[in-house]
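Using the hints provided, position chain W with the ligands relative to the given structure of chain H.
First to last, the protein sequences are chains H and W.
Mapping of the first sequence onto numbering that gives the first Met the number 0: residues 0 to 481, in sequence order.
Mapping of the second sequence onto numbering that gives the first Met the number 0: residues 0 to 371, in sequence order.
Everything labelled a hint here was simulated from the structure, so no lab data went into it.
Heads up, none of these hints are tricks.
Quick partial rundown of chain H residues pointing at chain W, CB under 8 Å, derived from the structure:
hint	residue
1	Gly274
2	Ile335
3	Arg356
4	Lys364
5	Ile391
6	Leu394
7	Ser420
Reference excerpt, derived from the structure (chain W facing chain H, CB under 7 Å, subset only):
hint	residue
8	Lys18
9	Glu35
10	Asn38
11	Ile184
12	Tyr209
13	Ser255
Below, computed lysine-lysine pairings styled on DSS-like, alpha-carbon distance capped at 25 Å:
hint	chain 1	residue 1	chain 2	residue 2
14	H	Lys421	W	Lys213
15	H	Lys58	H	Lys278
16	W	Lys202	H	Lys364
17	H	Lys421	W	Lys15
18	H	Lys46	H	Lys102
19	W	Lys247	H	Lys345
20	H	Lys58	H	Lys31
21	W	Lys25	H	Lys421
22	W	Lys44	H	Lys364
23	H	Lys177	H	Lys164
24	W	Lys247	H	Lys421
25	W	Lys25	W	Lys213
26	H	Lys360	W	Lys281
The C-beta atom is built at its ideal place from N, Cα and C for all residues, glycine as well.
Listed below are the residues making up each chain.
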Amino acid sequence: MSTSCGNPTVEKDALMPRRRKFDRTKTCIKCKDNQGNVTIRHAVYCKECFFPMLNQKFKRSLEPTINPIPDGPRKKNLYPPGNLLIAFSGGLGSTVLLDLVHKGYVASRKPREDADAAVRKKDPKNEMVWKEVHVCYVEVCGAFPAMRDRTEDVRRVVESYDGFKFVPLRVEDSFDTKWWESVGGKPDKGELRVDITNEDLILLPSSNATSPLSALHTYLSSLPAPTAIPTTLQTLTRLLLLHTARATSSSHFLFGTCLTSLSVSLVSLVAQGGGFNIKEEVQEDWGGEGGRQAVRIVRPLKDIVMKECAMYAWWRGLEVVGQEVWPDARQGIGGITKDFIVGLEKDYPSTVSTITRTCAKLAPKETPAGICTLCNRPAQGHVQDWKTRISIRSLSPSLASPQQPSLAPYLCYMCHTTLTSKSSKKPSSGSSSAGGEEGNEVPLPLWVGARVRRMEREEMRDKVKEFLLDKEEEEEGYAEPI
Amino acid sequence: MPRLCALCSTQRPILKRPKTGQQICKDCFFYVFETEVHNTILEAKLFQPGDRVAIGASGGKDSTVLAHVMKTLNDRYDYGLELFLLSIDEGITGYRDDSLETVKQNQKEYNLPLKILSYNEFYGWTMDSIVEEVGRRNNCTFCGVFRRQALDRGAAMLGVDHIVTGHNADDVAETVLMNIMRGDIARLGRCTAICTQGEDTIKRSKPFKYTYEKEIVMYAYFKRLTYFSTECIYSPDAYRGHARSFLKMLEAARPSAIIDIIYSGEACEVGEEATKELKERKTCKRCGYIASNDLCKACTLLEGLERGMGNAGITDRGRKQLEASGPTPDGLRTIPFFQMNASTPTDATSSVTTSGQGSGARISPVVDVSAG
Ligand code: SF4
Ligand SMILES: [Zn+2]
Ligand SMILES: [Zn+2]
Ligand SMILES: [Zn+2]
Ligand SMILES: [Zn+2]
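Only chain H is shown next, with the shape it has when bound in the complex:
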């Protein structure tokens, strides 16, 4: 830098907006009548006004996303093209989400009629918006030795509401062909293993099968850094849920991410090299390739801060049964980020909303080169080229022969980094370590193999396409769920 002081040229105000004085008027800002019960970002609300205010924020972020094509300012009837899936972790946010969805769209509504959405003129208020509402829980206790299975606690909460269908899953299902088939996948030939000791991530055909749980253990224990574990579990959970959404014909898939958690996950995404996916972290449409119905992921609590969720749960007497923090999660990038942001928010209360507002203005610089096979998000290409230019790790050009199939080209930067970036604690094995030994082979989640095979076939077909007589070639066994 131009000085040793650490200050690059400062152009803007170097200070954050300062904490405003606590609002001492104790009457509710809405009804201006009742005594206030809670202060939300400098505004005082009474208990009666708090619920409609929160409900309005919830609907304002959810409803514009429901119709496939937004209606513009004038609100029309809500016609989602499919069912609804709610991701439920048992944590505070998703507990509040479940209650809000039930109150707003399920309770005291008639089952939805099948008439073609376009010709219906009736007031949708009497009918359920989505025909079916599924609530899916992914149990992660298989990843941690001493963790309690909470599936039954969660089931109790979900089943205390009428109109929800409960779908319990386990994170190890990612490696379970039974689950993969249940969501419509064809597992034969799709399974692959990867040699994780090498940056190229050489692919190997699947050897003898292991149980899903031991596959999960092998996968997690092969990760190069403890920080990779929470990130990996998040990705596995997300993909399990997405495939469930498709299998339940859901067009909408809701997460209970509140403003506070959203800003944490945005910063943590940036810290892990996922800046290209900032948009998707807020809202994304998944799996719409090949003319299929896309699943839209929405975070309708994104304008509600954690404190509002806590007040809502408390006043409504909701039971929070989930484990908020995974063991060791604090050492993860997400955990470090959370500690930092929550601490910062105490001194600078506008931090979380500033983060989400800034991120909303950002757009990816390039058009995506493809979809990452692991996290299924849009990805930029040439991750490895960039990395070898920035950090030289070998004096000779890449050792991997181009003939060897490798996973690296099919991954986004963040997933490639999660699988290869070492922690400073684990001793580096260096380039001298022999790859491909037994024990280095790691099973891959089933959707990865299916997609890699499909992409390999496409690339092969691209090379030989001039010589193919049939336009449509039979694709057997590599298919992803339709």
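This is chain W with the ligands only, laid out in the frame that chain H set:
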């Protein structure tokens, strides 16, 4: 069997590379360190043969190592650059006066021409006197704005095409984080860019953009380079400190975090909608430097100082107060008019001296408006 260097597999490793965690030997460390900078320069096509390039030199570790590496690479790869050292004297007693001694020593070691410009000479104020006037709260804002403009003007005096600064990967990553957390949209895109060039400012770039701070210290240590490592007596900006400690925690958990953040910063840009909000660039009516209002930031800050309203250039409210308190009085000291490359010296090399008062200075020091 003793472990061998992860790169050459022949020598004994003597260090663990902060960036990759690999255990490597000294020669390989020098090689990868320098080659990565070379890659950065090539990839961004930073220079043309014959370019006159000023190295922003503060005497600190980053710019000292930068000067060394720029000279090394220029010789090794025949860049064909004419290199200069350009230093800014902020006027901070006990800090800058000492670090400038280091710069002068570097000048002798590398045999590069040196130009020193002082805030006092340009603005009529030193950081010491600014702090006396405005206190310790916004001093870094003044300092940053004044430095940027002084560097550009210094470069124009030297007739250089390009300023390289020692900003390293840690600085860039920290700035990305801070801009996201502060909502500073305008700067987010620019801070990861290797090279920024406004309409009529001089090209600036950061060849150390992907170089870890820890490796810069390591390089200086093994090359036995002398640098000045004392902190500025008026630092730091508390908020920036926060972001730095966060970055250090991330790096401790996973060393690639710094590079990962930069990758994130490079992957996105300010969306079209937000770009419209950004003000278009104008030219300062008083001094000719780029500005987003009628007056550039430096002129606003300077007028505030001169009129005893230090806040004028800091907050919008301060600026309004300044405007409300009447027109600019006569006799106010202002910054000399800036003309980009108006007078490229024909033989700047010989005219530049170490004193900062050399004949190469085509822009006279602070002018007194009332005298005219
Ligand atoms: S710490 Fe502030 S006052 Fe000191 S040199 Fe840096 S910017 Fe200037
Ligand atoms: Zn009220
Ligand atoms: Zn990915
Ligand atoms: Zn070596
Ligand atoms: Zn000006």
